[in-house]
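Below are the chains, spelled out letter by letter.
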Amino acid sequence: MKKRRGHVTATKLAAYLFLLPGFLFFCFSILIPFFMGIHIAFTDWNGINYDYNYVGFQNFIGMFKDQRIAQPIRNSLVFALIGVVAGTVFSLGMALLANSREAKAGKFVRTVFFIPVCFSAVLTAFIWKFIYKEVFFNAFGIKSPLGNPDWVIPAIILMGLWNSSGINMLIYYSGLKNIPTDLYEAAMIDGASTMQKFRTITLPLLTPAFSVCVTLTLTSYLREFAMTLSATEGGPGGASRTLAIYVYENLYKFSKAGYGQAVALVFALFCILLGNAVSRFFRKREVEM
Amino acid sequence: MKKKLKAPYVISTVFLVLALIFFIAPIFLAVITSFKSPMEIAESILALPKSLNLDNYADGMKKSDFLRSLRNSATITFPSVFLIVLFSSMGGYSIARNSHWSKLIRSMDSLYLASLMIPFQILMIPVYKIFKNLGLQNNLMGMILMLTGYSIAYATYLYVGFVKSVPREIEEAALIDGCGPLQMFFRIVFPLLKPITATVAALHVMWLWNDFQISIILLQRDKVRTLTVKQFYFFGQYTAEYGMAFAASIVAMIPVVLVFILLQKYIVAGISAGAVKT
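Line by line, the protein sequences are chains A and B.
Taking this note's numbering, the leading residue of the first sequence gets 57, the next gets one more, and so forth.
Taking this note's numbering, the leading residue of the second sequence gets 49, the next gets one more, and so forth.
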């Protein structure tokens, strides 16, 4: 009896010990920085010195007086809005195209659509910067849209579509593959048109895929950083400066790390709430098969 | 009937071809430009190179200090992926098998899940501060610590899902044979996790190799810059010399593209099963 009990405790102990190394790493990279971040948001740390003062809620109040913050907020929202609409239409369209071909051709198409996913955001930005600047000008006589405050965000989103649509396309594609074909056959017998079939069968049954892709695209555009920093550094004249770039600039350019952290916290809270709201919206609409 | 089917088919083919061009053309342009001399680029952007001139490659690799950045990228990517696979498989196994009796393990699972919602921006400044205080800035070992810890929660989550689908009978049999926990995991369970291990490894090689937002904050000195960070500065410095800049970055892409080609099956399987994050 005694031996058996010893064995059970050993198993329990092993369960915790198995979790421990990963958890220590997790604490180092996420948990500790997270709580330290809350602490920094209440200080006037400049990002350089070792000492700093507590300033209470001053950083949070300061946001309302900050003249520079309105533009990054607006830009991040524009990124998210255009990015989600364009990204959804585009990747769903590609999934439908890939799905409409025979198995072999479909696989080839999917591979090609997916290859740009391997490219880093930095390289994507540079390739497209080259295309916009040189190819657009030489072939069509158009000046780079990256230099135009009205077109810079759509131009960066187009880069994003190239770089990361492959992922959403695959999610929609596997969603399409999961729709039982007899539903379409039944609809055909009832004389439904292609459009009707799409609206009444495909779209509702793809809701789980929508819920993943829209939430993902939304939060990733809200956090837009690497591609935009490499392509325009937030320019021209701040026309593409996102909130993430603004936080980064507060650390490296303006030496206002404490304030930057307060902005980041509010922004993160907003991302989490919005992400949750969107995924709840779709989850409610999921249909049982 | 036949005629009716034709029009949609033609339209969808047109769209398909346009989409294929959209995805391939930028890569194609980057590759042809990488073989052209500055003269040829000035003459025509779209023309094919006159010869397979490798000067850009030699030049670009030398000027971008390619071998050092390559070594830096490899030094942070592969050990991190190894640690991620090792510790998150152990953790995922423990969570999947023990969360029914331990409240602590259950709450650890929820903590990992909640952490997936956190955008990196709120960690950026504190991580910078911690690394500064510990003197770990511009240190590749520190970068491995950071990347591993940053990826653990998500990788563990993938393993938990997979372990739950593995039947317990084999483990019960091994237990009766007197198998200890470590032996049980490494000799019996871990080999069964091969598919998800391949997915986790492939996705993380791709993500860590291309990482920018963590590296740009922690690796400021030239000596420790990875390929992605190096590209960022290199392109800024040589904006006019496209040929050379593209040559240097095409070489930098080769390892990831190889991983993608070799492990494509697992990446696709992982993403289709919902293995995505940003």
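In short, the hints are calculated from the structure, not lab data.
Even glycine gets a Cβ: it sits at the ideal position worked out from N, Cα and C.
A couple of the hints might just be wrong.
Stated by the list, open to error - Calculated pairs, DSS-like style, for lysine-lysine (alpha carbon to alpha carbon, straight line, at most 25 Å):
| # | chain 1 | residue 1 | chain 2 | residue 2 |
| --- | --- | --- | --- | --- |
| 1 | B | Lys271 | B | Lys111 |
| 2 | A | Lys68 | B | Lys151 |
| 3 | A | Lys340 | A | Lys121 |
| 4 | B | Lys151 | B | Lys212 |
| 5 | A | Lys309 | B | Lys151 |
| 6 | A | Lys160 | B | Lys111 |
| 7 | B | Lys313 | B | Lys180 |
| 8 | A | Lys309 | B | Lys180 |
| 9 | B | Lys151 | A | Lys253 |
| 10 | B | Lys180 | A | Lys312 |
| 11 | B | Lys212 | A | Lys68 |
| 12 | A | Lys68 | A | Lys163 |
| 13 | B | Lys54 | A | Lys160 |
What the hints assert, rightly or not - On the chain B side, residues computed to face chain A include the following (Cβ under 10 Å):
| # | residue |
| --- | --- |
| 14 | Phe63 |
| 15 | Tyr141 |
| 16 | Ser158 |
| 17 | Gln185 |
| 18 | Asn187 |
| 19 | Phe260 |
| 20 | Tyr314 |
| 21 | Ser320 |
Quick rundown of the hints versus the structure:
1. Lys271/B / Lys111/B: Measuring from Cα to Cα gives roughly 14 Å; hence the hint holds.
2. Lys68/A / Lys151/B: Holds. Lys68/A to Lys151/B sits at ~12 Å (cutoff 25 Å).
3. Lys340/A / Lys121/A: Not OK: Lys340/A and Lys121/A at ~39 Å, beyond 25 Å, violated.
4. Lys151/B / Lys212/B: Holds: Lys151/B and Lys212/B sit about 18 Å apart, inside 25 Å.
5. Lys309/A / Lys151/B: violated (45 Å)
6. Lys160/A / Lys111/B: violated (43 Å)
7. Lys313/B / Lys180/B: Roughly 41 Å separates the two Cα atoms, so the pair is violated.
8. Lys309/A / Lys180/B: holds (17 Å)
9. Lys151/B / Lys253/A: Given pair Lys151/B, Lys253/A is violated - Cα atoms ~47 Å apart, limit 25 Å.
10. Lys180/B / Lys312/A: holds (16 Å)
11. Lys212/B / Lys68/A: Holds - the C-alpha atoms of Lys68/A and Lys212/B are around 18 Å apart, at most 25 Å.
12. Lys68/A / Lys163/A: Cα-Cα ~46 Å, so violated.
13. Lys54/B / Lys160/A: Roughly 21 Å separates the two Cα atoms, so the pair holds.
14. Phe63: Since the shortest Cβ distance to chain A is 6 Å, the answer is holds.
15. Tyr141: With a minimum Cβ separation of about 7 Å from chain A (threshold 10 Å), the hint on Tyr141/B holds.
16. Ser158: violated (13 Å)
17. Gln185: Violated - the Cβ of Gln185/B stays beyond 10 Å from chain A, reaching only about 12 Å at its closest.
18. Asn187: For Asn187/B, the interface hint is violated, since the closest Cβ of chain A sits about 14 Å away, which is over 10 Å.
19. Phe260: holds (4 Å)
20. Tyr314: violated (13 Å)
21. Ser320: Hint holds; Ser320/B Cβ to chain A Cβ min 4 Å, cut 10 Å.
Hints 3, 5, 6, 7, 9, 12, 16, 17, 18 and 20 from the earlier list are contradicted by this structure; the remaining hints agree with it.
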